Amino acid sequence: MIYDDEAQITELLAPLRRLEPVPFTVSERRRRRASRPVIAAAVVAGVLALAGVAVAGVLGAFDGIAAAQHPQTGADVIDPATRAYMECQGVTWPCMAPPPRGVLWDTTRVVGRLPTGQNIYVFTTRSSELCYLVGPPRPEWDCEDPLTRSHPSTVFEYSEEGAPYTLVGIALDGVSSVSFDERGREVTVPVKDNVWIYRTDYAEAFYDAGSALRAHLADGTTVVQTYP
Amino acid sequence: MPEAPIAPPGVEALFRAHAPELGRYLVAMVRDRSLAEDLLQDTFHDALRAHEQLPRIANERAWLYGIARHRALRALRRGRRLQRAVVRLAGSREVAQEADETPISLLDLLERELSPQLRALVLLRYVHGFQAAELAEMTGLSPEAVRQRLARGCKRLLEEARP
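As given, the protein sequences belong to chains A and B, one line each in that order.
Using our numbering, the first residue of the first sequence is number 1, and each one after it goes up by one.
Using our numbering, the first residue of the second sequence is number 1001, and each one after it goes up by one.
Warning: the hint list may mix true and false statements.
[Stated by the list, open to error] With a cut-off of at most 25 Å between alpha-carbon atoms, the simulated SDA-like pairs for lysine to any residue come out as follows:
(1) B:K1155 x B:I1057
(2) B:K1155 x A:G174
(3) A:K192 x A:R126
(4) A:K192 x A:G174
(5) B:K1155 x A:I197
(6) B:K1155 x A:L114
(7) B:K1155 x A:H151
(8) A:K192 x A:A212
(9) A:K192 x A:G117
(10) B:K1155 x A:Q8
(11) B:K1155 x B:S1105
(12) B:K1155 x A:E204
(13) B:K1155 x A:A163
(14) B:K1155 x A:R183
(15) B:K1155 x A:V224
(16) B:K1155 x A:Y202
(17) A:K192 x A:Q69
(18) B:K1155 x A:D4
(19) B:K1155 x B:E1134
(20) B:K1155 x A:A7
(21) B:K1155 x A:T10
(22) A:K192 x A:Y202
(23) B:K1155 x A:P164
(24) B:K1155 x A:A66
(25) A:K192 x A:V223
(26) B:K1155 x A:K192
(27) A:K192 x A:T73
(28) A:K192 x A:S179
(29) B:K1155 x A:V223
(30) B:K1155 x A:A203
(31) A:K192 x A:D145
(32) A:K192 x A:V224
Keep in mind the hints are simulated off the structure, nothing from the lab.
These numbers were taken from a predicted model, which means no experiment stands behind them.
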């Protein structure tokens, strides 16, 4: 029965094997660019180390995130296996996620933990992005511009491969809860120490939450955050 | 000592060999040829950046598809949020897409019935021929979990596709 289904699906999807391929060309500029981050990272890291700066404070990626405003402790350091996975170093398989560029490893901070035990980290990069990582195991991460009053929360989906789907957000200080519509029903999620977590069996929740999130501040105001 | 090559020719040759099928996979995933072209470049760039792994990669084709899958899912996350925001602003339920000239109804069916993650699995299995064990390595799932998801995806598609 399953094999019948598989044969039918293979036949049904056969036209997709004949799609017109998209053009692919490699410019010399593009080819060379691949080697630059390593050099640039080394230069920047050296300069910052010499200057002795508190990287996160200077770059401002964590502005308004009190849970991340503390000196890095051992508990904040991303474990070697996860770091190796992120850097695609010393691992054989799988290593397919594009590593964030220019990670400043001494900026990693744990800001929360999922009910299933994974840590929620924030960190920043040479370009002052606000990045977040959930894991291990199966670390997932993303980066975006730092939070602002008009964009007071991130929205991230951790459970990549099926239900339950876990939405995770990092919110600015003062945001007490966030809400969004899920299948026509308003969902409100409390924010604790800059982090909110919501688990659902609805596969599209991430897209609903990400497209129109309402951040409710302790002063009674609400910010409607649309993407981007 | 000779200078190390900037872009190892092995990666570029490998990528060129698989670029057409990778491009088809990306088009089917994101339904936007311009975006697929960008994602193909990004996939190549990611492969270049991770070129040191190549000698240790047992299944190079699956490795490239794994990178492309990740790129596509990430683009869909961002793009679909934007799309829904536009729908809300426009007060419309429909947003025009730059659809490929290929079977629109088939791409519609895939998009309507399957989450991006499940769509990626179904395309990799039934269009590009990867086995459950390979998909398990790409996704971090167990082979059995992959099979269960694929069975679910098949069931949904066939229910909708049958007259």
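### Enumerated hints in conflict with the structure, sorted upward
Those not satisfied are hints 1, 2, 3, 5, 6, 7, 15, 24, 26 and 29.
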